[in-house]
Amino acid sequence: MDPIIALFGIIIGGTLVGVCVHFIPCSAVGAMAATTGIATGPTMLAAGAGMMGLMAAAYNLDNGLALMLASGAIASMLMIALTSVVANITYAFGVGVAPTSGQSEYDRFTGFEQKQCLTPGTDGHGIPTQSFISGVIGAAIGGIGGALVFYSVYTLISPSIPSSTAVAIAGIIAVGIYIINGVLPAYTLVGKTEGMTDEKFKTTPKTFYSCLIMSTVSGIFVYAASVVI
Amino acid sequence: MSAQPTGQPAANNGKYTTTYTLFLIAIVCSTVALMIFNAVPHAVFLSIILIWPAFASGASAVKDISSYGIGTGVASIGMLGAGVGTISAFSSIFIDIPFSAFIGIIAAFVIGFVTGLCANKIIKMKIPRMELKIAIMSASAAMIATLFVSIFSNNIDMLLTDVYIVLPLIFIATALAIIHPYNGSMGAGENQPRTLKLAFAEASLTTLLFGLISLAYTDTITSIEILLVSGLGFVIFTTIFLRAINAEIYKLEWSGVV
Amino acid sequence: MEPTIIFAVALAGALAILAGIFEDLESDTGSQSNPNSQVQLAPQIGHLHRYFNKAISGEPPAYGFWSTTGATVAVLLQTRFLSGFGEMHSVILASIFGALVAASILSFYAIFAHISRTASMRPFKQPLQLDVILSPLPLFFAYGFLAVLCVTLISFITNMVLLNPFPVPLIALLFGITLGTIGSSTGDIHYGSERLYQTFIFGSGIPISKQGDIDVKAEYGFRNSIDTPYFTSRFGGPVTGLCFGAIVFLDNWSRLFTFAGKWTPILLGIIIIILLFLINLSIEIYTRNRFNEFTKE
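Protein chains in written order, with my numbering: chain A, 1 to 229; chain B, 1 to 258; chain C, 1 to 297.
The following block holds chain A by itself, in its conformation from the complex (with noise of 0.2 Å):
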């Protein structure tokens, strides 16, 4: 890949990391059944799910580019199924409530009636069909955007070291931005989301334009570090 090509895989992969947060169903409070959305910070969340997409994308470094944002996808994918399976798992049968949309009158893709099922007093609990394949959808995305990033940093930094130092250097690399492109989100989101179908879905634009900046700032420091000086 072209050092330059790579500047662009790294503004690319950040921002898609960024916007792969929106999708990603997820609250505080869910830890006491009180919103829809798996019980943890949101930065947090889409952070493990990648972290597991990073590890399987490694695999696939020598196998060519398409191979391994394909299965950085499929672990993320994976992460946040069986989270989202296994916490609607323990709302039912140890806390004993359905997954209920807080927000939605009826679920948009098995047309469920939401509000029967729902303590009152509270926003909804678990992981609805709608959230999970939101979350699902997002996982995706932000699997494909942490391998490509790490695919870019290790082929801006490989040609001038031993390859097995530039690997460690470029995962640890892409764990950082990662990282610091999934914190953005979690401001315009206030610390809850139902994905796709939340009323704050639709400040998405805000954070790609910042995460575009973002990545694209520390993109080019990257690049520079590792090809022009």
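No lab work stands behind these hints: they were computed from the structure. Just so it is clear, the structure is predicted and the values come from calculations on it, not from any experiment. Heads up, the beta-carbon is just placed ideally off N, CA and C, and yes, glycines get one too. Hints are supplied without guarantee of correctness; some may be wrong.
Once the Cα atoms are required to be at most 30 Å apart in a straight line, the calculated BS3-like pairs of lysine-lysine come out as [what the hints assert, rightly or not]:
1. Lys251(B) - Lys200(A)
2. Lys200(A) - Lys124(B)
3. Lys124(B) - Lys206(A)
4. Lys251(B) - Lys262(C)
5. Lys125(C) - Lys210(C)
6. Lys202(A) - Lys121(B)
Pair ranges (Cβ atoms, derived) [as the list claims (entries may be wrong)]:
7. Lys262(C) - Phe201(A): 32 to 38 Å
8. Ile106(B) - Phe259(C): 52 to 58 Å
9. Tyr230(C) - Val40(B): 54 to 60 Å
10. Lys262(C) - Ile224(B): 47 to 53 Å
11. Ser209(C) - Lys121(B): 45 to 51 Å
12. Ile6(C) - Phe99(B): 28 to 34 Å
13. Phe201(A) - His42(B): 54 to 60 Å
14. Pro193(B) - Ile226(C): 31 to 37 Å
15. Ile270(C) - Leu252(B): 56 to 62 Å
16. Arg243(B) - Arg290(C): 55 to 61 Å
17. Gln103(A) - Asn289(C): 19 to 25 Å
18. Ile270(C) - Phe109(A): 17 to 23 Å
19. Asn154(B) - Phe93(A): 52 to 58 Å
Assemble the complex: chain A is given as a structure, and chains B and C must be docked to it using the hints.
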């Protein structure tokens, strides 16, 4: 429903120091620390002492941003700062000109500033001076990361050694050391002097851990210097911190009903 | 398919299950992560308590830190043990030392967090009781040690047998962050929604207006953090272990096959995700049929 605060006001045990003052102290100290280590590698204990203010300035910046109640965890904002700082520091390894370490720190400041601008102007968080605070946090993390990368690589080109093994630890340990002082002190009676005392105690704990790791990389005398000075610092700062706790706690007892 | 690799995949999955269980129990003992907000809120609405209030900045970074510490110390020691003990024994021995260092640092951070947070509760008259610190301390030292040991061993397996190009500490960082995320998003629900609010009827979420109104009394006396794993180890812990174990196992398992060329793992991954979607849908339908009492109000 919420009870009014009824206890006496907390004992005043120290003065409030602005983050900017702390950052200026941290810049001067870290620059001296890096120069000392480059000139006299055996005076590494001075570098370790001089890097602690950087932890305090990072922790103070985290406190300033998080105390506005920003809708996401303290952990996230600290990871943002540590992430920007450490990727700049690690990227500057590849720069092949003198004083490349300082370029990493300056780059961390600039990237942090741009991030803060995005947060304030595009996302409209409206936290006063957020740009500067994020920049301070990132630059502090970059200083810490830079010093330890040069200590572990013994001033030779890091890319030829296996120092890459410890880069993840430098990243996450720095992040925790600047997040945790505020995160661990949160509450209505939180005050900056106590948070900073905790920051110094955790800074010396972190350098103690790095001293342990350095046994594998540097010569034994350097490692023992780091371990001794960090251990001594940890004991002193923990004592100071526990005194502050003792002065501020509502009631200290072995056991009992509440 | 070599037998060694199949064994390694199975072992990684089994260790991941254990890591998940211990991680969740450790975080519940210290009321870390999201339920921590309830323990933090309780004194403000007049419920003084005897819970351990740890809050080491969210589980994902915290577990990233412990795991990376353990793995880094272990890797550096392992190269020194290699000549004396042989490959396998040196890995196990070094991991134990690494986990000890990580668990010690965990304990220091936990004590600092508890005493500093309690001191910040001065306006609400929350006292600092030393037995609240000292009795759970061995418990989360032990749980933390076991969780870090398992993650370190998984990282070694991933690097040495399954041949992941990342170095062991970076793998441990990635697994640590993922483990922390899973622990806070699955097992902690059982602690936050059921254990802290056991007086509330089973089968309802906790209304936002009731938050902070946690149970502070036990069967006799006051509730403390040592009793928490007694409750959460019956459901929350094993479920967390199931989740992390399944992720590590299925992710590695899908890479074992090559019947459709290089793209086989992708194909298998898609099939697994579709199956998970169907399981999720069936849980939703089951719970909607079972717990629909709010319609009869």
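Hints, verified against the model:
Distance check on the hinted pair: Lys251(B) and Lys200(A) sit about 45 Å apart at the alpha-carbon level, beyond 30 Å; violated. Taking the CA atoms of Lys200(A) and Lys124(B), the gap is about 14 Å. The hint holds against a cut of 30 Å. Restraint check: the Cα-Cα separation between Lys124(B) and Lys206(A) comes to about 9 Å, which is no more than 30 Å; the hinted pair holds. The hinted pair formed by Lys251(B) and Lys262(C) fails the criterion: a straight-line CA distance of about 65 Å is larger than 30 Å.
Note on Lys125(C) and Lys210(C): the hinted pairing holds, with a Cα-Cα distance of about 21 Å set against a maximum of 30 Å. For the proposed pair Lys202(A) and Lys121(B), the alpha carbon gap of about 17 Å is at most 30 Å, so the pair holds. Look at Lys262(C) against Phe201(A): about 35 Å separates their beta carbons, and that is inside 32 to 38 Å. In this structure the hint that Ile106(B) and Phe259(C) lie 52 to 58 Å apart at CB holds, the actual value being about 53 Å.
At roughly 57 Å, the beta-carbon separation of Tyr230(C) and Val40(B) lies within the given 54 to 60 Å, and the hint holds. Distance hint check for Lys262(C) and Ile224(B): the Cβ-Cβ separation is about 51 Å, which falls inside the suggested range of 47 to 53 Å. Separation of Ser209(C) from Lys121(B) is about 36 Å and departs from the stated range, judged on CB atoms against 45 to 51 Å. For the hinted restraint 28 to 34 Å between Ile6(C) and Phe99(B), the CB-CB distance of approximately 53 Å leaves it violated.
For the pair Phe201(A) and His42(B), the supplied restraint of 54 to 60 Å holds, since their beta-carbon distance comes to about 58 Å. Here the CB-CB span from Pro193(B) to Ile226(C) is close to 33 Å, well matched to the stated 31 to 37 Å. About 59 Å separates the C-beta atoms of Ile270(C) and Leu252(B), a value consistent with the hinted range of 56 to 62 Å. Distance hint for Arg243(B) and Arg290(C): a CB-CB separation of about 57 Å, consistent with the stated range 55 to 61 Å.
One distance hint, 19 to 25 Å for the beta-carbon pair Gln103(A) and Asn289(C), holds here, with the actual separation near 23 Å. The given range of 17 to 23 Å is respected by Ile270(C) and Phe109(A), whose C-beta atoms sit roughly 18 Å from each other. Between Asn154(B) and Phe93(A), the C-beta spacing of about 56 Å keeps the proposed range 52 to 58 Å intact.
Hints 1, 4, 11, 12, counting from the list given before, are not met by this structure.
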